Each structure stands twice: as structure tokens, then as C-alpha cells.
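There are 2 protein chains.
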Amino acid sequence: MPGISKKGQNMPASPIRKLVPFADAAKKRGVKVYHLNIGQPDIPTPDVAMEAIRNFRQTVVEYSHSAGILSYRQKLTQYYAKNNIKITADDIIVTAGGSEAILIAVSTIMDPDDEMIVPEPFYANYNGFSVNAGVKVVPIPSSIENGFGLPPIEDFEKVITSRTKAILVCNPNNPTGYLYSKEEIERLGRLAKKHDLYLLADEVYREFVYDGEQHFSVMHLDGLDDNCILVDSVSKRYSACGFRIGAMISKNKEVMSAAMKFAQARLSPPTFGQVASEAAIDTPESYFREVKAEYVARRDVVVQAMNKMDGVFCPNPRGAFYVVARLPITDSDHFCQWLLEDFNLNGETVMLAPATGFYSTPGMGKDEVRISYVLNVSDLKRSMEILDAAIKVYPGRK
Amino acid sequence: MPGISKKGQNMPASPIRKLVPFADAAKKRGVKVYHLNIGQPDIPTPDVAMEAIRNFRQTVVEYSHSAGILSYRQKLTQYYAKNNIKITADDIIVTAGGSEAILIAVSTIMDPDDEMIVPEPFYANYNGFSVNAGVKVVPIPSSIENGFGLPPIEDFEKVITSRTKAILVCNPNNPTGYLYSKEEIERLGRLAKKHDLYLLADEVYREFVYDGEQHFSVMHLDGLDDNCILVDSVSKRYSACGFRIGAMISKNKEVMSAAMKFAQARLSPPTFGQVASEAAIDTPESYFREVKAEYVARRDVVVQAMNKMDGVFCPNPRGAFYVVARLPITDSDHFCQWLLEDFNLNGETVMLAPATGFYSTPGMGKDEVRISYVLNVSDLKRSMEILDAAIKVYPGRK
Numbered sequence: 001m002p003g004i005s006k007k008g009q010n011m012p013a014s015p016i017r018k019l020v021p022f023a024d025a026a027k028k029r030g031v032k033v034y035h036l037n038i039g040q041p042d043i044p045t046p047d048v049a050m051e052a053i054r055n056f057r058q059t060v061v062e063y064s065h066s067a068g069i070l071s072y073r074q075k076l077t078q079y080y081a082k083n084n085i086k087i088t089a090d091d092i093i094v095t096a097g098g099s100e101a102i103l104i105a106v107s108t109i110m111d112p113d114d115e116m117i118v119p120e121p122f123y124a125n126y127n128g129f130s131v132n133a134g135v136k137v138v139p140i141p142s143s144i145e146n147g148f149g150l151p152p153i154e155d156f157e158k159v160i161t162s163r164t165k166a167i168l169v170c171n172p173n174n175p176t177g178y179l180y181s182k183e184e185i186e187r188l189g190r191l192a193k194k195h196d197l198y199l200l201a202d203e204v205y206r207e208f209v210y211d212g213e214q215h216f217s218v219m220h221l222d223g224l225d226d227n228c229i230l231v232d233s234v235s236k237r238y239s240a241c242g243f244r245i246g247a248m249i250s251k252n253k254e255v256m257s258a259a260m261k262f263a264q265a266r267l268s269p270p271t272f273g274q275v276a277s278e279a280a281i282d283t284p285e286s287y288f289r290e291v292k293a294e295y296v297a298r299r300d301v302v303v304q305a306m307n308k309m310d311g312v313f314c315p316n317p318r319g320a321f322y323v324v325a326r327l328p329i330t331d332s333d334h335f336c337q338w339l340l341e342d343f344n345l346n347g348e349t350v351m352l353a354p355a356t357g358f359y360s361t362p363g364m365g366k367d368e369v370r371i372s373y374v375l376n377v378s379d380l381k382r383s384m385e386i387l388d389a390a391i392k393v394y395p396g397r398k
Numbered sequence: 001m002p003g004i005s006k007k008g009q010n011m012p013a014s015p016i017r018k019l020v021p022f023a024d025a026a027k028k029r030g031v032k033v034y035h036l037n038i039g040q041p042d043i044p045t046p047d048v049a050m051e052a053i054r055n056f057r058q059t060v061v062e063y064s065h066s067a068g069i070l071s072y073r074q075k076l077t078q079y080y081a082k083n084n085i086k087i088t089a090d091d092i093i094v095t096a097g098g099s100e101a102i103l104i105a106v107s108t109i110m111d112p113d114d115e116m117i118v119p120e121p122f123y124a125n126y127n128g129f130s131v132n133a134g135v136k137v138v139p140i141p142s143s144i145e146n147g148f149g150l151p152p153i154e155d156f157e158k159v160i161t162s163r164t165k166a167i168l169v170c171n172p173n174n175p176t177g178y179l180y181s182k183e184e185i186e187r188l189g190r191l192a193k194k195h196d197l198y199l200l201a202d203e204v205y206r207e208f209v210y211d212g213e214q215h216f217s218v219m220h221l222d223g224l225d226d227n228c229i230l231v232d233s234v235s236k237r238y239s240a241c242g243f244r245i246g247a248m249i250s251k252n253k254e255v256m257s258a259a260m261k262f263a264q265a266r267l268s269p270p271t272f273g274q275v276a277s278e279a280a281i282d283t284p285e286s287y288f289r290e291v292k293a294e295y296v297a298r299r300d301v302v303v304q305a306m307n308k309m310d311g312v313f314c315p316n317p318r319g320a321f322y323v324v325a326r327l328p329i330t331d332s333d334h335f336c337q338w339l340l341e342d343f344n345l346n347g348e349t350v351m352l353a354p355a356t357g358f359y360s361t362p363g364m365g366k367d368e369v370r371i372s373y374v375l376n377v378s379d380l381k382r383s384m385e386i387l388d389a390a391i392k393v394y395p396g397r398k
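Heads up: the sequence lines are chains A and B, in that order.
According to this note's numbering, the first sequence is numbered sequentially starting from 1.
According to this note's numbering, the second sequence is numbered sequentially starting from 1.
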């Protein structure tokens with residue numbers, strides 16, 4: 001029988017999905033599972049987007065332009081202008097989600113064995129994209145002690161080689177929720193400039209910024225037009241993960257021209273998702289105010305409850321809808337599986353993501369878990385009670 | 001300034017798109033351009049699919065399963081059963097168009113520098129996918145003399161090396177319209193079995209088979225379950241290119257399990273497109289009867305008109321909606337550009353695809369063009385008059 005490629009063998013399984021069979025088994029036993037493990041928001045998709053879909057009247061659903069429908073790209077420039085990001089429709093390639101944007105960006109700027117520096121913990125699928133493109137992710141550990149702030153620039157400089165092509169940063173961060181400051185992004189900008197590197201920024205949680213903070217984009221950096229590549233998505237912004245609409249954005253003409261060849265090879269991004277996303281740009285500000293208020297309330301429930309638990313440390317992140325917390329455990333994979341297999345509190349348990357899946361340095365994240373606060377406040381409160389009870393009786397407790 | 005990857009530099013520009021600026025310039029001069037260069041059907045998307053979109057009522061447009069919505073995959077098994085292809089929902093990964101299916105399939109079975117044999121002329125984007133995945137397309141020329149039938153098996157065997165992993169065949173064929181016979185597919189099957197190769201089949205034009213012929217799928221082959229991988233798409237079937245819904249299908253569990261890791265890394269295929277595609281499975285047979293009758297009428301107009309032109313030879317293909325014809329010219333790139341830049345018949349011209357873009361052997365296709373018969377009969381008749389007049393006065397005529 002013909003075999004599988006090395007690439008196929010090395011593709012990482014999702015750290016979230018490997019626990020799914022245990023969650024399914026728990027449900028079969030009648031245990032209720034609170035899902036704190038996923039990045040799928042429960043917030044309704046804006047009406048204005050759904051109306052556009054219901055009113056779709058084209059007779060032939062044609063390929064769109066490979067860079068995306070022009071009217072959508074033009075309207076996107078207004079969305080970005082509101083965020084003080086000044087671009088034209090030509091600086092945008094609409095993609096099948098942020099995932100495709102990262103894959104095209106990485107393939108455009110990196111060859112097999114080239115290196116990309118990423119602060120860890122990081123979004124687990126970056127591993128998948130890098131294996132897929134044959135490139136190497138070089139992790140720089142950030143620390144839970146300062147809430148996963150930007151690691152010292154010296155740490156980046158230590159690992160820069162002739163093969164280093166890019167620094168990738170997710171801001172606000174998945175999995176930590178950390179919001180990088182203007183000053184931190186500027187520091188990264190100077191580093192990219194000094195070493196002639198691309199600065200790739202995944203800013204799909206741009207709207208999810210709390211406590212009066214402002215999001216500072218790599219696109220706000222002066223004099224770095226040729227270095228910066230923005231990866232974006234409507235998935236979280238409009239609670240529209242199923243649209244599969246993202247974007248790769250850069251003012252570097254050479255990069256965009258090469259990226260267009262990858263975009264043309266896959267013909268076009270999804271038409272329905274683009275139509276809905278174009279309409280979604282008119283989502284009223286009140287929608288975002290409500291969503292943000294909701295997430296702040298949820299975050300506060302989780303962070304406050306976690307820090308009251310014995311032996312638990314949970315930073316108070318100012319973005320996205322995740323926290324990474326340190327628990328008094330030594331094997332987060334075992335703990336998360338145990339929660340599903342061996343524990344319940346009155347017939348209920350929680351599903352968490354072991355943080356090991358978000359590190360590429362072996363051994364890291366073993367005492368950390370990621371919690372997504374994508375459930376309502378009442379379910380989150382109950383989830384925290386369950387987690388508290390679980391930690392108290394977990395046999396692998398430190 | 002940081003540069004572009006070698007891969008990015010080597011990605012081929014689409015052979016169709018490089019003429020677009022000349023077509024745009026012609027239109028600016030007031031010349032009407034008949035587009036015989038594209039694979040975008042003008043047939044309406046079935047009502048039943050459009051109704052499903054207009055009735056979409058989910059509140060949150062969530063990620064679907066990475067392999068695709070289960071109800072869609074289950075219904076797809078009924079569609080395939082009707083085509084005598086017996087698979088289960090687990091044998092299917094729904095993809096963002098046939099394009100993603102090919103990329104995932106190639107990445108699953110081939111590492112950089114591995115080889116895939118493809119009869120040429122072939123769908124130009126296979127070059128893009130192979131550069132993207134770092135793999136090598138090894139072309140085997142087919143001949144216009146026998147209508148681009150399967151080249152002799154000896155020609156395949158001559159180029160098989162230890163790096164050969166797969167044979168890729170498009171049936172019915174884009175760009176030639178050739179429909180491979182049962183006997184030819186069986187021959188390929190024996191070859192794949194003998195040399196332990198994957199047989200990758202792009203069958204996105206399955207419905208477009210004329211003159212009472214039957215489509216014979218690689219999935220109909222006996223004893224080749226582990227070798228065969230089917231690449232499919234709803235784009236042409238339902239004139240729904242913008243849905244961006246395809247599928248990778250195989251009964252080889254190891255292949256599907258590795259492919260799922262690539263599918264998980266990009267999270268999920270588009271939700272709206274899946275909902276529309278699921279509904280589209282109920283498209284009445286009358287739709288396909290009408291579409292086929294229309295394409296046969298169009299093909300007949302083109303083939304008959306072409307063969308009446310002096311020095312032109314056009315096979316009479318039995319599938320898809322393309323023909324590759326030989327013209328009395330020596331540089332089809334120049335001819336197609338000349339049609340747009342320097343020629344018009346009473347203010348009208350035609351846009352064709354030079355066949356050079358469908359060959360990877362240098363020098364081939366220079367006296368051939370691909371014509372897509374995606375215009376109505378009346379426009380096609382006029383297009384043929386224009387082409388006839390153009391060939392008569394073309395200065396580069398052989």
C-alpha cells in the first residue's frame with residue numbers, strides 16, 4: 001500500500017480535538033460537559049449579515065475575483081480606516097478564513113527550512129501551517145508571571161539566524177488573551193527593521209479589547225510598510241466562524257503580487273461569506289459594546305474564581321476570550337482527560353484545553369490550561385465551581 | 001527589504017489571467033470581447049440550492065466539522081450511490097472547492113521532490129498546487145490526433161522512478177474535454193496497482209458527459225480502494241463556483257486520517273456553501289438533462305465551425321465544456337494577445353486561452369488553443385465567425 005508523506009505523518013493533531021472522544025464518552029455516560037475548550041463564540045452573528053444572505057439574489061453563484069469581491073475589499077478599507085489602518089483595496093487579498101491568510105503569507109515569504117520566531121504559548125494551528133509549508137517555528141517562551149507579555153527582545157535576537165524570515169505575533173493573543181502594548185509592538189517593529197524580517201501579525205481578536213485599552217496594530221507602525229503583513233478574519237469579529245472569510249493585508253507590493261499567485265491557484269474565496277462579511281461591516285457599534293461588556297463580565301467571573309482557588313494563578317488578560325491559568329498539577333494533558341473520564345460534580349464536568357498543545361518547547365505548559373470564556377456567566381460560574389472541586393480531589397495534584 | 005520565497009517566485013501566473021489586461025484594454029477601446037477563455041459556466045445555479053441559502057436560519061454561523069457538516073456528507077453518499085460509487089460519510093472530507101481537495105491530497109501523499117505523473121495538456125492550476133507543495137509534475141504528452149486519449153501505458157512506465165507517488169488524471173478532462181473510457185481507467189488502475197502508486201482522479205465534470213456515454217470513475221475500480229483518491233467539486237455540477245465546496249474522497253483509512261489533520265488545521269469548509277450544496281443534491285434530473293442538451297448544442301456549434309476553418313483541427317470531445325483545437329499558427333500566446341490587441345470584426349473579438357499554459361513540456365501547445373463553450377449558441381456562432389475571420393488575416397499564420 002502506498003504510504004503517507006512525512007509531512008502528513010508530522011502534521012500535529014489538534015490539542016483540543018484529541019480529548020473529544022473522552023468528552024463524547026462522558027456525554028454517553030450522561031455527564032454534562034461544559035465546553036471551555038473551544039474558540040467558537042456563542043454570540044449571535046449580526047442580523048445585518050444574515051439579512052444579506054437571506055436576500056442573496058444572484059442567478060449564477062460565480063467565482064469572485066481571486067483577491068475577493070471588489071466592493072467588499074473597498075468597504076473593508078473603510079472598516080480599517082475606522083481602526084486607523086490606512087490601506088487600499090489592492091492591499092487586501094480576501095481568504096478562506098485567517099487560516100488561509102496565514103498559509104498564503106507563510107508560503108509567500110518562506111521556503112522549506114526557513115524560520116519564523118513566535119512567542120509561546122501560541123495558537124496551536126501555527127504548528128500545522130508550518131509543518132504544511134515545511135517551515136520551522138522557533139518559539140520564544142513568554143511568562144505567566146507577567147501575564148504573557150512580550151518576551152525580552154534579547155531573547156528574540158539570540159535565536160535569529162540567516163534562515164529567520166519572520167516574527168509572528170497574535171494580538172490580542174490566543175491562547176493567553178494578552179494584549180500587546182503600543183510600546184511592545186514598536187519594539188518588535190524596530191527588531192524587524194534592524195534584522196530585515198517580516199512582522200506577521202494575527203489580529204483576528206482586534207475588537208476584543210477591554211478595560212478601556214486601545215489595540216495597536218502592526219499596520220500603525222511608521223516606516224515598516226514593507227515588513228508588515230496583517231492576517232485577519234471575520235470569524236471572531238462577527239461571531240461568524242462558518243463564513244470562512246479572512247484577509248491577508250500588506251502594503252508590500254512584491255509580497256502581495258506573489259501572494260496573488262497562490263490566491264489565483266485556489267481561484268477565489270467563498271462568495272456567500274464575502275457577501276455576508278461586506279454587509280457585516282455595517283454592524284452597529286452597539287453590537288460590539290454589548291459583546292465586549294458580556295466578555296468582560298465573563299472574564300471577570302473566570303479570573304476572580306480561578307485566583308480564589310488554592311494553588312491556582314490566573315493573569316487578568318485584556319483581550320480575546322481566553323485565559324491561560326497555572327494549576328497545582330504536573331500534567332495538564334492527564335488532568336484534562338481525567339476531568340472527562342474520572343470526575344464529575346453532581347453529573348457535570350468541564351472540558352479544558354491542556355496548555356501543552358500551545359507550546360512547542362517540550363515540557364512546557366504541563367501545569368497550565370487554556371480556558372475559553374465562550375459560555376454565559378451562569379454556566380461559567382458553575383464551571384468554576386466544578387473546576388474548584390475537581391482540583392481539590394485530583395490525584396495528580398502537586 | 002525582505003524578499004519573496006523561491007516558491008513564491010516560482011508560482012506560475014494563471015495562463016488565462018495574463019491576457020486579462022489586454023482584454024480590459026480592448027473593452028476600453030469599445031471592442032466587445034466574447035469570453036471563450038474561462039471555466040465559469042453561465043448556467044443558473046439550481047433554485048433548490050438558492051432557496052436553502054435564502055432560508056438559512058441559524059443564529060450563530062459556527063465552524064462546521066472539519067470534514068464537513070455530517071448531514072451533508074451523509075447526503076453526499078446518496079449522490080455518489082446514484083453514480084454507483086459506494087462510500088460512507090467517513091470517506092469524505094468536504095473542502096473549499098476542488099482546489100483545496102487537490103492541495104490536501106497532494107500534501108497527504110507527497111513530500112517535496114516527490115513526483116506525480118499527469119497526462120498533458122492538463123488543468124493549469126495543477127502546476128500551482130505542485131509548486132505550492134514542492135512536488136514535481138511529470139507530464140506525459142497526449143495527442144490531439146486521437147482526441148487526447150490516454151497516452152500508452154509504456155509512456156507512463158518510462159518515467160516512473162522511486163520518487164513517483166501518484167498518477168493524476170482529470171476525467172472528463174479540462175482542458176481537452178476528453179472522456180476517458182472504462183478500459184483506459186482500468187489500464188491506469190492496473191498500472192497504479194503494479195507500481196504501488198496513488199491514482200488521483202479529478203472528476204469535477206462527472207455530470208458533463210455527452211452522446212450517451214457513461215462516466216467511469218476510479219472509484220468503480222475493483223481492488224484499488226487503497227490507491228484511489230477522488231477529487232470532486234460542486235462548482236461545475238451546479239454552476240456554483242462561488243460556493244467553494246469540493247471534496248476529497250478515499251476509502252484508504254490511513255490517507256483520510258492524515259488528510260484530516262490538514263483539514264483540522266484550516267478548521268472547516270464554508271458553512272453557507274455546504275448548506276447550499278446539501279440542498280443542491282435534490283436538484284431535479286431535468287436540470288441536468290437541460291444543461292447537457294445545451295452544452296451538446298454548444299459543443300456542436302464550436303466543433304463543426306472550427307473544423308470548417310481552413311487549417312484548423314478540432315476533436316469532438318464527449319465531456320466537460322472545453323475543446324483544445326489546433327490552429328494554423330506557431331505561437332498561440334501571440335495569437336491570443338493579437339486577437340485582443342490588434343484584431344476586431346466590426347468591433348468584436350474573442351478571448352481564447354493559449355494551450356501553452358496547459359502543458360509543462362516547453363514548446364508544446366504553441367499551435368493549440370482552449371475554447372470554453374460557456375456562452376449561448378448565438379454568441380458562440382458569432383464567436384466562430386470572428387475567429388474564422390481572424391485566422392484568415394493573422395500575420396503569424398503558418
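FYI, nobody ran anything at the bench for these hints, they're computed from the structure.
Errors might be hidden in some of the hints.
[Unchecked claim] The list that follows gives simulated cross-link-like pairs (lysine-lysine, PhoX-like), each with its CA atoms no further than 25 Å apart:
#1 Lys6(A) - Lys253(B)
#2 Lys6(B) - Lys251(A)
#3 Lys182(B) - Lys6(A)
#4 Lys194(B) - Lys6(A)
#5 Lys193(B) - Lys6(A)
#6 Lys182(B) - Lys82(B)
#7 Lys6(B) - Lys194(A)
#8 Lys251(A) - Lys75(A)
#9 Lys18(A) - Lys6(A)
Model, not experiment: these values are computed from the prediction.
Decide if the proposed pair is consistent with the structure: Lys251(A) and Lys75(A), CA atoms, cutoff 25 Å inclusive. holds, 17 Å
Given the hinted pair Lys194(B) and Lys6(A), is their alpha-carbon gap at most 25 Å? Cα-Cα ~23 Å, so holds.
Does the structure keep Lys6(B) and Lys194(A) at a Cα separation of 25 Å or less? Status holds; Cα separation ~23 Å.
Sort out whether Lys6(A) lies within 25 Å of Lys193(B), counting only the CA atoms. Roughly 22 Å between the alpha carbons, so the hint for Lys193(B) and Lys6(A) holds.
Verify the proposed pairing of Lys6(A) with Lys253(B), using a straight-line Cα cut of 25 Å. holds, 17 Å
Please work out if Lys182(B) and Lys6(A) have their alpha carbons no farther apart than 25 Å. violated, 34 Å
Quickly compare the C-alpha distance for Lys6(B) and Lys251(A) to 25 Å and report which way the hint goes. Cα-Cα ~20 Å, so holds.
With the threshold set at 25 Å, check whether the alpha-carbon distance from Lys182(B) to Lys82(B) stays at or below it. holds, 18 Å
Check whether the Cα positions of Lys18(A) and Lys6(A) lie no farther apart than 25 Å. The given pair, whose Cα atoms are some 21 Å apart, holds under the 25 Å limit.
Violated hint: 3 only; the structure is consistent with all others.
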